[in-house]
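Listed in order, the protein sequences are those of chains A and B. Under the working numbering, the letters of the first sequence match residues 1 to 149, in that order. Under the working numbering, the letters of the second sequence match residues 1 to 74, in that order.
Worth double-checking, as some hints may not be accurate.
What the hints assert, rightly or not - Only pairs whose alpha carbons sit at most 25 Å apart, straight line, appear in this in silico DMTMM-like list of lysine to aspartate or glutamate:
no.: 1; chain 1: A; residue 1: Lys106; chain 2: B; residue 2: Glu46
no.: 2; chain 1: B; residue 1: Lys38; chain 2: A; residue 2: Asp130
no.: 3; chain 1: B; residue 1: Lys29; chain 2: A; residue 2: Asp130
no.: 4; chain 1: A; residue 1: Lys34; chain 2: B; residue 2: Glu26
no.: 5; chain 1: B; residue 1: Lys38; chain 2: A; residue 2: Glu83
Said to hold, decoys possible - Sample of chain B residues with no beta-carbon within 12 Å of chain A, all distances over it, derived:
no.: 6; residue: Met1
no.: 7; residue: Leu4
no.: 8; residue: Ile14
no.: 9; residue: Gly15
no.: 10; residue: Glu26
no.: 11; residue: Lys29
no.: 12; residue: Ile40
no.: 13; residue: Arg44
Hint data in this document are derived by calculation from the structure and do not stem from the laboratory. Every residue gets a Cβ at the ideal spot worked out from N, C-alpha and C, and that includes glycine.
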Amino acid sequence: MIKRINTSRFGEIEFDVDKVILFKEGIPGLNHLKKYILIEGNEKSPFHWLQSVEDGDVALVVADPFSFKPDYAPFIHENILEELEAKAEKDLMVMTVLVIPGDIQKMTANLMAPIIINPQKRLAKQVILDKGNYPIRFPVFEALKGKGA
Amino acid sequence: MLVLTRKKDEGIMIGQDIEITVLGFEGDKVKLGINAPKSITILRKEVYVEVANANREALSSNLPQNIELEDLFR
Numbered sequence: 001m002i003k004r005i006n007t008s009r010f011g012e013i014e015f016d017v018d019k020v021i022l023f024k025e026g027i028p029g030l031n032h033l034k035k036y037i038l039i040e041g042n043e044k045s046p047f048h049w050l051q052s053v054e055d056g057d058v059a060l061v062v063a064d065p066f067s068f069k070p071d072y073a074p075f076i077h078e079n080i081l082e083e084l085e086a087k088a089e090k091d092l093m094v095m096t097v098l099v100i101p102g103d104i105q106k107m108t109a110n111l112m113a114p115i116i117i118n119p120q121k122r123l124a125k126q127v128i129l130d131k132g133n134y135p136i137r138f139p140v141f142e143a144l145k146g147k148g149a
Numbered sequence: 001m002l003v004l005t006r007k008k009d010e011g012i013m014i015g016q017d018i019e020i021t022v023l024g025f026e027g028d029k030v031k032l033g034i035n036a037p038k039s040i041t042i043l044r045k046e047v048y049v050e051v052a053n054a055n056r057e058a059l060s061s062n063l064p065q066n067i068e069l070e071d072l073f074r
């Protein structure tokens, strides 16, 4: 079934309800919103949008954390696999929420709380890692410079 | 909010699996011991609040259209 929603980022968009990703608990700070769609950037883009389908004003920029932090290794407890109805970690997609201020050089990524998605079951959760000591505001550009990019 | 008064070495149970014990006091600090299943995430509240703040802040992220940025990621 196709539905429509008015969004502040993309204007009126259509989405397939079968593609909706369910965050059973919402995400911290936005606990009342459970349903999002992933609007993927073009093929070359590392950036995607998580657009709420319950509140058109709510959209988050997310990115593949491994693109700028190749050694990122979030520990996913098996309980989270269960919660997301995944058999193995490889079935899961890991995304990180970006905060992009006016000065883009100051962009940060929340590596402490990755968004874990099971694309098959369309279930997701923002997991706050209690191990690994990853920062909430990881400076993306510094990491890219370090990479020699 | 439920308010309980406990002495040192006393505890509370939350459900059947989560046990919180008051281990002691040092000045204005309370030391708590927590027994809970591994599957339960235990966080200092300020960490959760910080993640919530970062999420709300992320709502005003701006992705510029002329993204040379994308090249940087490759």
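Practice task
Please write out, lowest number first, the hints stated earlier that are contradicted by the structure.
Solution key: Violated hints: 4, 12, 13; rest satisfied.
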